[in-house]
Amino acid sequence: MATLHVLDHPLIQHKLAILRNAETGVKEFRELISEIAGLMCYEATRNLPTEEVEVQTPVAVAKCRMLSGKKLAIVPVLRAGLGMVDSMVDMIPSAKIGHIGLYRDPETHQPVEYYCKLPEDIENRVVFVVDPMLATGGSAVAAIDFLKAKGCRNIIMMNIIGCPEGVKAVQEAHPDVELYVAAVDEKLNDHAYIIPGLGDAGDRIFGTK
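Numbers 429 to 637, taken from our numbering, label the letters of the sequence shown in order.
No wet-lab data here; the hints were simulated from the structure. Worth double-checking, as some hints may not be accurate.
[Claimed, not checked] Simulated restraints on C-beta separations:
1. 600 x 636: 30 to 40 angstroms
2. 454 x 532: 32 to 42 angstroms
3. 483 x 614: 42 to 52 angstroms
[Unchecked claim] In silico lysine-lysine, BS3-like type, Cα no more than 30 angstroms apart, as pairs:
4. 596 x 637
5. 637 x 443
6. 615 x 498
7. 596 x 443
8. 455 x 637
9. 596 x 499
10. 443 x 455
11. 615 x 455
12. 498 x 524
13. 443 x 615
14. 637 x 498
15. 455 x 578
16. 524 x 491
17. 545 x 491
18. 545 x 524
19. 498 x 545
20. 491 x 455
21. 596 x 578
22. 615 x 499
All values derive from a computational prediction rather than experimental measurement. C-beta atoms are modelled at their ideal positions from N, C-alpha and C, and glycine is treated no differently.
From just these sequences and the hints, can you work out the full model?
Here it is in structure tokens:
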């Protein structure tokens, strides 16, 4: 079963409370999505492998730790996932960025692919799939399916808000993928929106309806 990490850091939870508020405007909402993603990235990269190196300081040689092993990639699920990318790139600027475009069929609530563009060496990278909401889990499962079809074997899923249905769907379909969320909410409603959630993340990020 995939490991679920619920990040209850006070800064994340404080920003999440403001993010949920219906009165929070587009500018602030967009900034908060990015800030929370950056804080989550810090936690989600905690177990990346490092190696010892020697660095010449102005006064002596220091034994330091630097990242080793596989390179990284960030793959947002379009379009809301775009809001999480910039702050993650600030922290890991050498990461390559792919894009997976999915939309949810309004009748079946199932994901439909319309775009997929990934780095050529994606199979050799630790891949962070990012999307603010993990609702039915259909889009997350489909995105991970695409990545595995390209040869990816080291995948981490990052969502700001999840729900039991979405978590279960990912865990059952991809038990090898670790999940990082800031909150697991109560349930989905009849329209497959997370309750209490924060509404439509894409619309609130981009100011659309």
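Each hint, compared with the structure:
1. 600 x 636: 30 to 40 angstroms: 32 angstroms, holds
2. 454 x 532: 32 to 42 angstroms: 22 angstroms, violated
3. 483 x 614: 42 to 52 angstroms: 49 angstroms, holds
4. 596 x 637: Holds, at roughly 29 angstroms.
5. 637 x 443: 23 angstroms, holds
6. 615 x 498: 36 angstroms, violated
7. 596 x 443: 26 angstroms, holds
8. 455 x 637: 15 angstroms, holds
9. 596 x 499: This hinted pair holds, its Cα atoms lying about 29 angstroms apart.
10. 443 x 455: Holds: residue 443 and residue 455 sit about 14 angstroms apart, inside 30 angstroms.
11. 615 x 455: 28 angstroms, holds
12. 498 x 524: With Cα atoms ~12 angstroms apart, residue 498 and residue 524 stay inside 30 angstroms; holds.
13. 443 x 615: Measuring from Cα to Cα gives roughly 21 angstroms; hence the hint holds.
14. 637 x 498: 40 angstroms, violated
15. 455 x 578: Distance of about 36 angstroms is beyond 30 angstroms: violated.
16. 524 x 491: Measuring from Cα to Cα gives roughly 28 angstroms; hence the hint holds.
17. 545 x 491: 39 angstroms, violated
18. 545 x 524: Roughly 11 angstroms between the alpha carbons, so the hint for residue 545 and residue 524 holds.
19. 498 x 545: 20 angstroms, holds
20. 491 x 455: 43 angstroms, violated
21. 596 x 578: 24 angstroms, holds
22. 615 x 499: 36 angstroms, violated
Checked against the numbered hints given earlier, this structure breaks hints 2, 6, 14, 15, 17, 20 and 22; the rest are met.
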